[in-house]
Amino acid sequence: TVCHICTGEENWVDSRTIYIGHKEPPSGTEAFIQQRFPDNRIVSSKYTFWNFVPKNMFEQFRRVANFYFLIIFLVQLIIDTPTSPITSGLPLFFVITVTAIKQGYEDWLRHKADNSVNQCPIHVVQHGKVVRKQSRKLRVGDVVFMKENETFPCDLILLSSSRDDGTCFVTTASLDGESSHKTYYAVQDTKAYNTEKEVDSIHATIECEQPQPDLYKFVGRINVYMDNEPVARPLGSENLLLRGATLKNTEYIYAVAIYTGMETKMALNYQSKTQKRSAVEKSMNAYLVVYLCILISKALINTVLKYAWQADPNRDEPWYNDRTEPERQRHIVVRAFTDFLAFMVLFNYIIPVSMYVTVEMQKFLGSYFIMWDDEMFDEEMGERAVVNTSDLNEELGQVEYVFTDKTGTLTENNMEFIECCVDGHVYVPDVICNGQVMPGATTMDMIDTSPGPGAREHEELFFRALCLCHTVQVKEEETVDGIKHGIHQGKSTSFYISSSPDEVALVEGMKRLGFTYLRLKDSHMEILNREDEIERFQLLEVLTFDSVRRRMSVIVRSSTGELYLFCKGADSAIFPRVVSGKVEQIKARVEHNAVEGLRTLCVAYRPLSPEQYQEVCHLLNGAKLALQDRDKRLAEAYDIIEKDLILLGATAVEDRLQEKAADTIESLHKAGMKVWVLTGDKMETAAATCYASKLFRRNTQILELTTKRTEEQSLHDVLFDLSRTVLRQHGGMTRDSFSGLSGDCTDYGLIIDGATLSAVMRPAQEDSNSGNYKEIFLEICRNCSAVLCCRMAPLQKAQIVKLIKASKEHPITLAIGDGANDVSMILEAHVGIGIMGKEGRQAVRNSDYAIPKFKHLKKMLLVHGHYYYIRISELVQYFFYKNVCFIFPQFLYQFFCGFSQQPLYDTAYLTLYNISFTSLPILLYSLIEQHIHMDILRRDPSLYRDIAKNSLLRWPIFIYWTVLGVYDAIVMFFGVYFLFDNTTFTSNGQMFGNWTFGTLVFTVLVFTVTFKLALDTHYWTWINHFVIWGSLIFFVVFSLLWGGIIWPFLNYQRMYYVFMQMLSSGPAWLSIILLITASLLPDVLKKVICRTLWPTTTERIQVGACSLSVVSNPALLEVTLLSSCL
Amino acid sequence: MMATSYNAKDEDGRVTVCGPGGGPLLRGKKPENTALKQQRLAAWQPVLTAGTALPALFAVGLLFIPVGVGLFVTSNNIRELEIDYTGADASSPCFSCSQSFSWNSTRPCTCTVPFYLEQPYESNVYVYYGLSNFYQNHRRYVKSRDDGQLNGNEKSLTEPSKECEPYAYRDNEPIAPCGAIANSMFNDTLELFYNDPNGTKIQIPLNATGIAWWTDKHVKFGNPGGNDQNLSAAFQGTTRPVNWRRPVYELDSDRGNNGFVNEDFIVWMRTAALPTFRKLYRIIGKKDNVVPTLPRGNYTLEVVYNYPVRSFEGRKRVILSTISWMGGKNPFLGVAYIAVGAVCFFLGVVLLAMHHKCGNRNGDGDISN
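These protein sequence lines are chains A and B, in that order.
For the first sequence, the positions run 1 to 1126 when the UniProt record's numbering is used.
For the second sequence, the positions run 1 to 369 when the UniProt record's numbering is used.
None of these hints come from the bench; they were simulated from the model.
The reader is advised that the hints may include incorrect statements.
As a list, the in silico PhoX-like pairs of lysine-lysine whose alpha-carbon atoms are at most 20 Å apart [as the list claims (entries may be wrong)]:
hint : chain 1 : residue 1 : chain 2 : residue 2
1    : B       : K201      : B       : K287
2    : B       : K357      : A       : K1087
3    : A       : K191      : A       : K147
4    : A       : K1086     : B       : K357
5    : A       : K949      : A       : K808
6    : A       : K808      : A       : K774
Distance windows between CB atoms, simulated [what the hints assert, rightly or not]:
hint : chain 1 : residue 1 : chain 2 : residue 2 : range
7    : A       : E327      : B       : E118      : 46 to 56 Å
8    : A       : F1034     : B       : P46       : 21 to 31 Å
9    : B       : N133      : A       : E809      : 53 to 63 Å
10   : A       : P956      : B       : E118      : 52 to 62 Å
11   : A       : E327      : B       : R170      : 12 to 22 Å
12   : A       : W108      : B       : A42       : 36 to 46 Å
13   : B       : N133      : A       : F1034     : 38 to 48 Å
14   : B       : T52       : A       : L365      : 23 to 33 Å
15   : A       : A311      : B       : N198      : 49 to 59 Å
16   : B       : T52       : A       : S758      : 57 to 67 Å
17   : B       : T52       : A       : I296      : 41 to 51 Å
18   : A       : F1034     : B       : A42       : 18 to 28 Å
19   : B       : K286      : A       : A311      : 43 to 53 Å
None of these values were measured; they are calculated from a predicted model.
Where a beta carbon is used, it is the ideal one built from N, C-alpha and C, also for glycine.
Excised from the complex, chain A in its bound form (with noise of 0.2 Å):
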């Protein structure tokens, strides 16, 4: 039967058949062809010695912007351009010598982590002895044999234990951050063989797919030859080591190589996730396309100005300025097109070639600021903010939504058993007494208060119930001898693990009302009863939790032989496969403690006969052996065995609200932001939370989106109803939105759950209307100023992420969750926040940025996203201004050189502009820059409306920034002409060339542009001191310097002096000072009158906070913040 099953999947290719300990199988068999499979030598690196060279420069010059600078540098190689190819050359060698190196370590590194990786020894079993051998020599099909505390090498299926019954334990710590025990199981026909003889004499083949990335899944296929007669067991991820992983509490396991080194899962998921661009990196590609613009357009201008001024030919060639030959029979359209390309040459500098580097460094060196906010730093769990990736810094700054997880991001996830009700009695355990059972003095729900002997039955079959249905493991606390104890050692040395709190409280509360959990050995389950008996079950199936089904069920066998099948889930995954039981009265009591806020679960059971049993297994098996598609036909089995069930239950467990979650969404909303809860919970416990985190206030007006109203009146009425009674207040809301949040207008909160939201976003059908259902409803949501979605599948979640994501505004969001039901959004949001909560670590990984506690992400948006933002913002528009005032001059110098494209400014000028004299104070301020102290940012929450829709990159201006680039250059370069214009301003007669022409220009120009940056800070410390003086007076000393040599290696000399007897000259420093003066005036005035007259709240604060610090008196701080705020 079981080839049966073989030949029937024959063709499928992505598999993989591995013989265990390189044994044929026996002749005859099959016929499957031994693949070739990698070794197991990891390669995180990206480059080796010999290709790192033309790789990294391959991969550096993919990137548009360097790839355009080496085409201006091959152009200028190539044709006869006014720079030399240094001036570009040089930048681009800079920028892409400091990327490599930077990824020439940072590879360098990963080398050195592959070398001690694979290099680790192992232990191997080969001809019935264990031999040692480095890690990357091990092949797909050898024996491993490990020990305890040792990191598997590869992906491995366990073969056997040194524990009887098979079993190992494992941390995954390294992989994805859980540092609890997991249990993984040995194959059934193997477990038995444990020295390292036994296994030698396994004959066995493993089919399974081909590796793939997800850590939690794997589908496989164990073939024993045993007495020539083959036997296949189903292989799933229980049966999986994972490369990566270390074991534990297991002294030793044989197991056997199946994905070797790059395709271990660890490895495959090493490919980085999709790219998050920001809105300031898109904003400032639009920038780019349009200085694009402006570069081609002057270079196109003065190439046709330059021909129609040429087409004099005594002006083209007159008698002291001849062509030579060659340059003379070129043909026109040539010419026309060198020209247009050296021209293009001689403007490129408008397009920065160190702002990309700066951008990065910036957004590099900043993100550090995440990580050393001794704010965000979590004693208690002694975690710190992670930074994920840095790109998106400034975008922390900008979010208009955010999406939050309820369970462990708003709540603790710190869960505590609170009562359970049995058939409507109400049981709470005494903390005092423990053990004791204290029937419930809140007995008002109870309809039959005297518990008769049939109530006492199920009560303690419910209890039991809750003893054997979960997944929890005992931990053993190692003495430091390293003897390991039992539980029965000693009671105070266990304590349970699992990476469900819920169930990890239900067994504590359990253990509480008198029924203790022990272990699981054997497979049997046992448990220590009220009467101190220990009773043991054999546990038989394991039907694992999921959250689509949201509930889990096993199947025992009491010591008596009866077969119970246990299930405990969410209610509404409950109630309707429940066939009798107390239903009305524990619904009644579920939706009261729903109310209070607690998470309730369910508990049913269903007696099984041997009969149903064997069905059960059967169809199980059928299930669990299939290589294709296993997943949906365990759903569909499980969904045939949890039926017919009878409610004995409900839970309650409390889960507190993390610590200041509402001020920390009060603070959001003040900031602007929209919060939406999005949650698996029930609506009345998801709406009690968010009451108690003030997501809705007293005078919030609850709309209702629910099965529970589209049940009475359908979907379009019901929308409609709604989009009808939020309208009626947009006009209010929207007046009232400026002034903050002030409490007496109505705003209102949206309820939805998950089976409503999927029929709002089911695509347009035959009617015409429904697909205008999205439309309406993100019209009331956006009306909404908090919005709760309840039942959500995690995919939903990422649906409603991507729907407002898509929205006609398209307003950034941020997605805040801990769990591995939130990856989905989080990855789907423009942030992705995880929260470093217990249960694991897959959000966190997956994030962009975590964080211990919700309470963080406050300082993390107000305080960080705004420093980031402003920042970043004055960064970018401050780098194409200093590039305009930089290059347009030499644009107004074309229409007096007869467009000859002679440059203004000498190459080191032209070099050195970008990256040196003005490149560090621009940086350093998109470090530290702070325009408000944090502390007033964090008070005042609404200060973040001040940059909200990424107002400082907005086109006006940045406009606004262009022109006074074109302002500056324009007096910088006539204010110089006009002082050479046809005399001599030195007082020996003496008269200046061109080159001190630009001499002249370029010192104003780089003291106005620093001056400016000077203007704009407003936190200076003694490193922006440092810098910008530093760097005005590197700028003098290299002048001097420059000049002041004749420099061997230069072939032309043309800079000897000029910069000195520029100095020399009274009236140059008078015209510098008067230049920098009038470039200045008008951004002053600016800032001067925009203050006076339309202060943005910053402003106002900042003049606030200025008088604060001459006041210095903390009692006066509210009054100032006050009467500067009216």
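Given chain A, put chain B in place with the hints provided.
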């Protein structure tokens, strides 16, 4: 873009993969509480408000206007006379010279331009020649020189730089000095005569030293083999530029002013910034304190007309100018100072009014407290 850099960080854990397992040390993660890391460096936090800008504006206004007035007065006190001798009009004395110009003519054409000085020039008088519509700043022209050669480098002397093309070689002989700039050196000779009221014509001595930058003459320019050598020997194997009548070693009889260190040559080699420019030609030194350098009266300018400008519609001028500490006559700086100062002052007044009106309305905290 930085995602790649974080790969290394992601894989930090892998370095320890080999060793016995065990969680990372959590307690070591606490960030350091330093002012820099916590972004709490002591800082001066200035805010540009009307309150701070107003005094600055007034100060600038009050400072700039007097400076501007001073500069303007200084500029106005400078005497300057400009004589155009291009000879473009038929009436002008140099008309025939300008018409009959030919590169090959051996006999120089001279013309005499009379002029009248209305005011005496008291201090040193600087004689400039001016050219207009002459693009010395054309790229092809600016780069057409070999600084190595001009510095006296022997190798560059015989192998001029490619930049000098097409003025690098003539008949396979290297040109010294090479390049378009040198080739087109201004070669008119200007002489100045004072027509004494009693009828005699007194030649005014024109001093040719000190017209070039000291550093240019002594460092940047140098003859091959040093200035003391026999120059004709040093320039052996080279030929004169096409348009020159004499080789470079015959520019001046004075050894210290000959060859590449000839000051007229150096002055010409400093390319002008704009197409209309003037260059210092000679200096008329002040004799004593009693007699003005150039007294009021009639003068004659005698020009040996060698330099053609008609082809490119250029003009040639001679400028006589006195010099102050701020150079020649240029009212721009003074006017600009006055203008900027006045604007600042005016804006200061406007701002003050605005500040007074709106400042009260806004209830400025900084004043009330």
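These are the hints, each one checked on the structure:
1. B:K201 x B:K287: 18 Å, holds
2. B:K357 x A:K1087: 17 Å, holds
3. A:K191 x A:K147: 16 Å, holds
4. A:K1086 x B:K357: It holds: about 18 Å lies between the C-alpha atoms, which stays within 20 Å.
5. A:K949 x A:K808: 13 Å, holds
6. A:K808 x A:K774: Since the Cα atoms of K808 (chain A) and K774 (chain A) sit roughly 12 Å apart, the hinted pair holds (cutoff 20 Å).
7. A:E327 x B:E118: 46 to 56 Å: Between E327 (chain A) and E118 (chain B), where Cβ atoms are some 50 Å apart, the hint holds.
8. A:F1034 x B:P46: 21 to 31 Å: 24 Å, holds
9. B:N133 x A:E809: 53 to 63 Å: The hinted range 53 to 63 Å holds for N133 (chain B) and E809 (chain A), with Cβ atoms some 59 Å apart.
10. A:P956 x B:E118: 52 to 62 Å: 57 Å, holds
11. A:E327 x B:R170: 12 to 22 Å: With Cβ atoms ~18 Å apart, the hint holds.
12. A:W108 x B:A42: 36 to 46 Å: 39 Å, holds
13. B:N133 x A:F1034: 38 to 48 Å: Taking Cβ atoms as reference, N133 (chain B) and F1034 (chain A) lie about 40 Å apart, which means the hint holds.
14. B:T52 x A:L365: 23 to 33 Å: About 31 Å separates the Cβ atoms of T52 (chain B) and L365 (chain A), which means 23 to 33 Å holds.
15. A:A311 x B:N198: 49 to 59 Å: 55 Å, holds
16. B:T52 x A:S758: 57 to 67 Å: 60 Å, holds
17. B:T52 x A:I296: 41 to 51 Å: Distance hint for T52 (chain B), I296 (chain A) holds at roughly 42 Å.
18. A:F1034 x B:A42: 18 to 28 Å: At roughly 25 Å between Cβ atoms, A42 (chain B) and F1034 (chain A) fall inside 18 to 28 Å, so the hint holds.
19. B:K286 x A:A311: 43 to 53 Å: Because 49 Å falls inside the window, the suggested range holds.
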